[in-house]
Amino acid sequence: MEMEDKHNLKDNKELQPLLVFGPPIIFPIFEAENSDKYRFLKAFSSQVPLHQFLTEQKVDPSSIQAILCNPAQKVSADAIRLLPSLRIIVTTSAGTDHIDLVECSRHSIQVACVAGDHAGDVADMAVGLLLDVVCKISAADRHVRKRGPSMPLNDFFGYKLKGKRVGIVGLGKIGTAVAERLEAFGCRMMYNSRNEKPFIPYPFYANVVELAGDSDVLVVCCPLNEETRHIVNREVMLALGKDGFIVNVGRGALIDEKELVKCLMKGEIGGAGLDVFENEPIVPTDLFSLDNVVLSPHASSLTSDGLDESSKLAAEALQCELVCVLNLRQKYMSSHFSFLIRGLLFVLEKCCLLCDECIEVQSAVRDEEFWCIRFSFIVFGSGKLHQFPPCFVLRRISCGFGKLVKALKTVVVAGGGVVSED
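Numbering follows numbering that gives the first Met the number 0, with no gaps: position 45 of the sequence shown is 44.
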């Protein structure tokens with residue numbers, strides 16, 4: 000038995016080390032499915048600094064090429080500099096505000112967002128939160144549990160959803176899925192985005208204040224960055240008005256939370272459905288006593304099938320970055336193939352299947368040693384050229400055009416930056 004344990008220990012040390020921060024909620028699934036591929040270094044279970052943790056684990060920092068993480072634990076510049084061989088960071092979130100992208104860019108480290116194709120799950124939550132707060136479902140439920148059904152019902156008059164003017168802040172995959180669902184309720188859609196999207200029938204507003212002024216509901220689902228932080232501020236809330244509702248399924252810091260609490264308590268807006276908070280896991284206690292607020296613990300994407308998909312995408316991204324690149328020294332990675340990919344990306348971008356931050360899409364064959372296609376994105380407003388090699392997209396080509404399109408829509412990989420879906 001002792002010999003077997005030593006043998007297993009030896010085998011474990013020979014596996015590719017994978018540093019795990021967070022941990023991602025998919026980690027139990029991922030660990031069970033990939034225990035024969037990686038030696039899992041569970042930094043999330045240690046309270047000591049990373050360099051000390053690696054020393055305790057008898058791991059050479061230069062042997063670590065990959066990190067698996069989620070927003071619960073930041074991947075800082077110090078952590079990145081400690082790992083000279085780091086090649087890819089895989090996050091199971093849609094956002095990347097927990098990763099130092101500037102440091103990733105300096106070291107040509109790829110960042111893969113493999114949250115899965117759960118835009119529909121998040122959109123379902125957004126609609127659920129809106130229905131709840133507009134129809135006062137949770138407030139009525141709490142009242143019945145405390146006092147029973149025999150009571151005056153004046154406090155529980157809600158609103159019809161049909162005919163409501165809904166302004167979506169961030170018409171990416173999630174925003175589009177929200178719009179599709181709310182159209183079925185008879186809502187009138189409009190949106191704000193970095194750029195106006197062609198082929199979209201909804202009215203476009205370049206200014207969020209003006210959008211709020213013409214809306215009964217604001218659904219916030221854009222990515223968080225320095226430009227969008229507090230994009231919903233007091234001015235926006237006052238423009239929305241005392242009968243207006245806010246739903247946030249993006250990031251907490253998209254809304255000025257202190258001003259939101261004040262507006263809710265003063266009745267300056269009608270209500271809010273919140274799945275995210277500015278300083279998670281801290282939730283403002285003033286919200287707990289308000290019947291015009293519905294709260295959710297950042298759970299919009301927590302579906303069993305969605306977690307399974309995210310786990311598989313994470314495994315595929317890691318495998319392709321750490322293994323498959325070495326197998327891409329194929330002559331078919333020619334200028335003709337590059338032209339085909341460039342054309343496909345151009346079509347996807349024009350059809351709004353890529354992010355609205357993309358103002359130019361190019362492709363080029365780079366890295367002659369590995370014959371690896373790199374897609375180059377000029378991200379609006381950044382002034383920097385971000386490159387990424389989505390090898391796992393190329394790997395799917397043999398599975399057919401449909402799967403390639405799905406991969407391009409559901410997984411974004413960026414070196415030193417991320418092209419957001421929203």
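It is possible that some hints are incorrect.
Claimed, not checked - Ranges between beta-carbon positions, derived for each pair: (1) R146 / G240: 50 to 56 angstroms; (2) G185 / Q46: 51 to 57 angstroms; (3) Q56 / V282: 31 to 37 angstroms; (4) S84 / K161: 55 to 61 angstroms.
Just so you know, the hints here were simulated from the structure itself, not pulled from any lab data.
Quick reminder that beta carbons are idealized off the backbone N, C-alpha and C, glycines included.
Practice task
Look at the Cβ atoms of R146 and G240 and judge whether their distance stays inside 50 to 56 angstroms.
Solution key: For G240 against R146, whose Cβ atoms are near 31 angstroms apart, the range 50 to 56 angstroms is violated.
Exercise for the section: Using the beta carbons of G185 and Q46, state whether their distance is inside 51 to 57 angstroms or not. Expected result: Since the Cβ atoms of G185 and Q46 sit about 53 angstroms apart, the hinted range of 51 to 57 angstroms holds.
Practice task
Hint says 55 to 61 angstroms; check whether the CB-CB distance for S84 and K161 agrees.
Solution key: Given about 57 angstroms between the Cβ atoms, the range holds.
Practice task
Take the C-beta atom of Q56 and the C-beta atom of V282, compute their distance, and say whether it sits inside 31 to 37 angstroms.
Solution key: 35 angstroms, holds
Checked against the numbered hints above, the structure breaks only hint 1 and satisfies the rest.
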